[in-house]
Structures are given as structure tokens and as C-alpha cells.
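Enquirer: Chains D and U supply the protein sequences, listed in that same order. My numbering numbers the first residue of the first sequence as 1 and each following residue consecutively. My numbering numbers the first residue of the second sequence as 1 and each following residue consecutively.
Possibly wrong hints are sitting among the right ones.
[Stated by the list, open to error] Derived, one-sided and incomplete: chain D residues facing chain U with beta-carbon distance under 8 Å:
1. Ala-60
2. His-103
3. Arg-138
4. Val-144
Hint data in this document are derived by calculation from the structure and do not stem from the laboratory. Don't be surprised by glycine CBs; every beta carbon is placed ideally from N, CA and C.
There are 2 protein chains.
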Amino acid sequence: MFARSSRTPLMFNSLVSPTSQQPWTEPVQVELERVEATLRSAVESSVPRLLEASTNLLEAGGKRLRPCVTLLWAKACGADGDAERMIPVAAATELIHMATLMHDDVIDRSDLRRGRRTANAFWGNKVSVLTGDYVLCRAFDLLVQHGSIEILRILAGVTMAMTESEALQAASEGSVEEWRENYWRIISGKTAGFIQACCEAGAVFAEAEPNHRRAAASYGADLGLAFQITDDLLDLIGRPTATGKRVGSDLKDGKVTLPVLLTLDGCSEEARTDLAELISSRELTDADMERIRALAQATGAVDETRVVAARHSAAAADALTSLPDTPARSGLRELAKQVVERTG
Amino acid sequence: MFARSSRTPLMFNSLVSPTSQQPWTEPVQVELERVEATLRSAVESSVPRLLEASTNLLEAGGKRLRPCVTLLWAKACGADGDAERMIPVAAATELIHMATLMHDDVIDRSDLRRGRRTANAFWGNKVSVLTGDYVLCRAFDLLVQHGSIEILRILAGVTMAMTESEALQAASEGSVEEWRENYWRIISGKTAGFIQACCEAGAVFAEAEPNHRRAAASYGADLGLAFQITDDLLDLIGRPTATGKRVGSDLKDGKVTLPVLLTLDGCSEEARTDLAELISSRELTDADMERIRALAQATGAVDETRVVAARHSAAAADALTSLPDTPARSGLRELAKQVVERTG
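Same shape as in the complex, but just chain D:
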């Protein structure tokens, strides 16, 4: 448990562009560069629109967090040399993630992601749906060619669970009560479960012993929660230039995340009722957002959210203790730390 005062302050360093080396990517930098090449060839298509849309998504960058943890866990569990088979598995995790982003665009009509117009805003629903499908099938195709049945089982299962969480999220839109009931299930399913699966896939790839595989699952689940909770906080209070998204887009999309739930807990009953009505109206002005942000600070909800994220970050780091001391383990530890310290 963390005392509130022990939280790490938000630092203004951002989490990674795909080509930039970070302290935690160093042990798998060579492999990550090969993952980029695999991704580029995986989105090849003779149909121009598919190629354009998926290349655009690919070039928008992103953190490549999922391939990174897949590779780090494979190395931390002793996988050596056989990068030939490891690269496509790691690339497949990013393709699955890309597919969910494409389909999320259809779903949320979000106008800005990662600082640029989304594919959907540019191409429309049809291309977003089909590109997502294409990229998802490419992922399974890579896994069929290069993965094991066990890795396929893990990743097919978790993709299904992500879809269920997205559906639960869609069904909860705009309702404070639904979000209060489902917040943990939603973020566990859509983010933490997937990152957990990537870590496990890495461990399975390395034929890790059972306690290391359990450690991978545990690390991944906590890292994913820390990551998502920090994302939710940045959406509320971050600067758009750092996150590349409109600030407050979650609330405008009817998503009532942890910092907002904690704000509601901490404010007067009158303010709570007002806020819940405002949220369900889905018509939040910039002035409303400013008021909510001030309330989030004043009630201590911002600090409290940071504490929760830091607790999961620490739990992720704790899961690493049984592993031998390797550069990969150091990378995983550094990542667990940085994931709550980023600003975008």
C-alpha cells in the first residue's frame, strides 16, 4: 500500500515512439526494429484502400507496448536466439491492438487519436471496419504460421474478452451507475487482460517454468491496470499536446473512468447529482470540463487515482522478484515505473 504522499509526481516525459529507444526497450531494441519491418510487410495488400488505411495507422506510431512486453518476457524467461519465430508473435500482438483501434474508431467516433485525424474521420466506417478485420486476420495468420497452439489459444481467447469489454463499455456509456459497477471489469478486459496475455505469450514462447508464467500473468495484469488508469487520468487532466487526444474525450464519449468516479465520491451530494446529470447529457462544454477538473483536484480524486495506479505499478514490479537478474528483467521493472510517470 502507498501512502498518498509517496506518489510519484507526473513527469513530462512521454512514453515512446516506435523507433525511439527507451530505458525499457533497450534489451529488445533489435527485435523491436524487426517487428516494425514485419508490421510493414504484414499490412501489405493489393487493395489500395486497405493498404493506405493500415499503413496510415501503422505510421501514426504508438508505444508498441504489447510487442515490447512480449519480447521482454520471452527474454526474461530465457528465450535465446530464435528471433525468427519471436518477431512475428510480437508483431501479431500489435496487429491485434491496431485492429481494436480501428474498430474503436467506428465505435466512438473519436476525431483525434495520437494527434492525427483517425482513419474513420478520413475514410469512413466501411474502411475502418474492413481494415480492422484485415489486420486482425493478418495477426492470426502470423500466429498460425509462427506461433504455437498455446500462444494462439491465449491470444484468440483474450481478443474475445476484449470485445466483450468493449461491448460492456458501449452499453455503459453515459451512465455513472453502470460505470461504477463495471469500471474494473471494463479496464481489466480491454487493457489489462490483453497486456497480461502478451506477457504470458512471451513466457510460453520461452517455455518458462510455471511460476515464471504466473509471474508474467501477474505482472501483465498489474502493468495493464497501471497503464489504463494513468491513461484515464491523462484524458481528464493531461495536456492535449502531450497525449495527442482531446482532453476530456472520455467524458464526452460517455466514459466515466476512475478519476471521475472518485471525484463523484468526494464531492457534495448536490454537486454529485449535478455532475451525474451533466455526464448523462453528454453535452459537456469546455467550461464544464474545467469545472470537473477543478473538482477532481479539490476532492483529492486526482491524487487518489495516482495512488491506485502507483499501487498497481508497484505490484507489477513485485511480480519480477522470482526472475533471474537480466537486462530484460530490468527493462520490465523500468517499464512498470515509467508507465505511471508518463504524460502522454
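With chain D held as given, fit chain U onto it using these hints.
Expert: This is chain U only, laid out in the frame that chain D set:
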């Protein structure tokens, strides 16, 4: 080659509801009933919206053509007993098909499919996208659990190719020239390639000898073309009560299929220019549709389309000659015949 006069007239018998026995389903009737049960449990979800949407799609019925050919080919190539593993593979083919229907709803905004409101018209894009994703992942999950790597490879690859064809179709919407160039590629990818893959999956399941596997691929490709061309014709000239779709919905959606392309070939240059403009305007009235139908009959395009479909039906039947004479082979032969004789 068929002389134009040798074509089989359209008979007013419809192709199957999932539970009804047909001459070609008889050899696999028991298995098809178990496929239905597997489909019902495969769409189970703890998220009510997903469960409702996928159950609705499931209960809308459909021909179950893909599981049927998968099972028939497995039996025709000598698969015996081991239905435990065959059922989920056959069910997975229907789930993949269901996923494409769900995503097609997002794409085409079609209001009516199989005689009922589509999921999309009822639930909206979000649920259609997520239900399609869910059902697709369920399919891969079933294949991972019960299929072989080779069957996974075949079905993941063909799902990707279907997506490419759908994208090509979307890019061709409303353009006669694009459709003229891409018609065969589109229907080969979206329909024939998938049915071919199902037949091959059945043969692979039965560990068929290479020439039988080639026969399965050849049969499936021709059956799929015969099926799709007949579908395209029925969309133009069929009765809505028999097909369960609005007549002319393809043209209204900007799809310029074979009977229309042949109509354009057969009419005067003036009529051709008029018609092409009308098609690209996408604003076809019932009177326009009536005029196009009359033109399709007068130019012989309807008859010609039937001849082309019949040719592929006959080629499918020819592919069966190397197989031993079994009830499954008779079923496949009957299916090849009926697929061009149906009215819905």
C-alpha cells in the same frame, strides 16, 4: 459449355432453413444438428448486448451452406466417426460467415436481410462491429481448440482474402467500370474462395489424398461462383418474399453484378449511357428497377447469367468424379445442382 437453351429454369423451391433436411444435407444431418448446438453455445456471452445480437443473427437462420460442405467433404474423403473434432470446425466456418454478415451490415446499411431487420438497424454500428468481432474470435477459438494448424491456416488466410474483396467491393461502389474490372475478383474472394476453403478444410480434416483435396478446392470454387451468381440474379429479378431481401438492393447499394453488366453489354449505346449514369447516381426508384429488369430480360442477360451459373454448377459436379461413390458424394452433387435452381 452450355447452349443457352439448355439452362435449367428457376424453380420456386428455396434453399434450406438450418433445421430442415434437404436432399444434400441427409448424409450429414446428425452432424448439422450438433453444429447448431455448438453455434448456440459458441455465442454465449455474459455481456447481454453481445448475446442478444449474436443469438438474433443465429436464429435468423440461413443456409448453413459452409458447415454443410465442410462436413460433406470430410465424409466424402473418408472421415469416419470422429465427429467430436469435426463439429467445431464446421461450426467455425458458419461463425466466420456470421461475422462477415455483421460487418457487412455496418458497411452496406442494408435494412433487410433474411426477411428481418438487421442487427445494425436495431442496435446500431457499435454492436454490429463488436458482435462481428466476437463471433470471429469465437471461430478462431474453436479452431485453436479443435482444428489443426493446417485448417487454421486455410481459414485465417481466406478470411483475410474475404476482407480484401469486401474492401475492393466498397471501393468499386457505384462505378460500372470498376465493377466490370473487378466483378470476378470480388465474388471469387468474398464467396467462392471461402466456400472453397470450407471444402478444403473438410478434405484436410479427413486427411484426404492430394487429388481429392484438389477436387475439394475445385468443387468449392465452382460451387461458390454458381451460388453467388445465382444470388446476384435473384437480387435483380427475385421476389422479396422468396429471397428475404429487398429486390434490387445490390444496385441500390452501388453493386453492379453480372446480370447488370451483361444487360449493359446487350443494350444500345444510348441506353447503356443512361443506365450507367443512373447506377452511379445511386438513386434508383422502383420504376427504374422495373425498367432495368425488363431490359435484363429483353437483352437476354438473365438467360446468359443463368447459363454462366449453370456452367459453374456443372464444373463443380465434374470435380466429384474421382471420389468414391458415397452418400456424401451424392449430397455434394445434389447441392451443386440445387444451388442454381433455388429462388431464395
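Enquirer: A separate judgement is required for each hint: does it hold in the structure or not?
Expert: Taking the hints in turn, this is what the structure says about them:
no.: 1; hint: Ala-60; in the structure: violated, 19 Å
no.: 2; hint: His-103; in the structure: holds, 5 Å
no.: 3; hint: Arg-138; in the structure: holds, 6 Å
no.: 4; hint: Val-144; in the structure: holds, 5 Å
Of the numbered hints given earlier, the model fails hint 1 alone.
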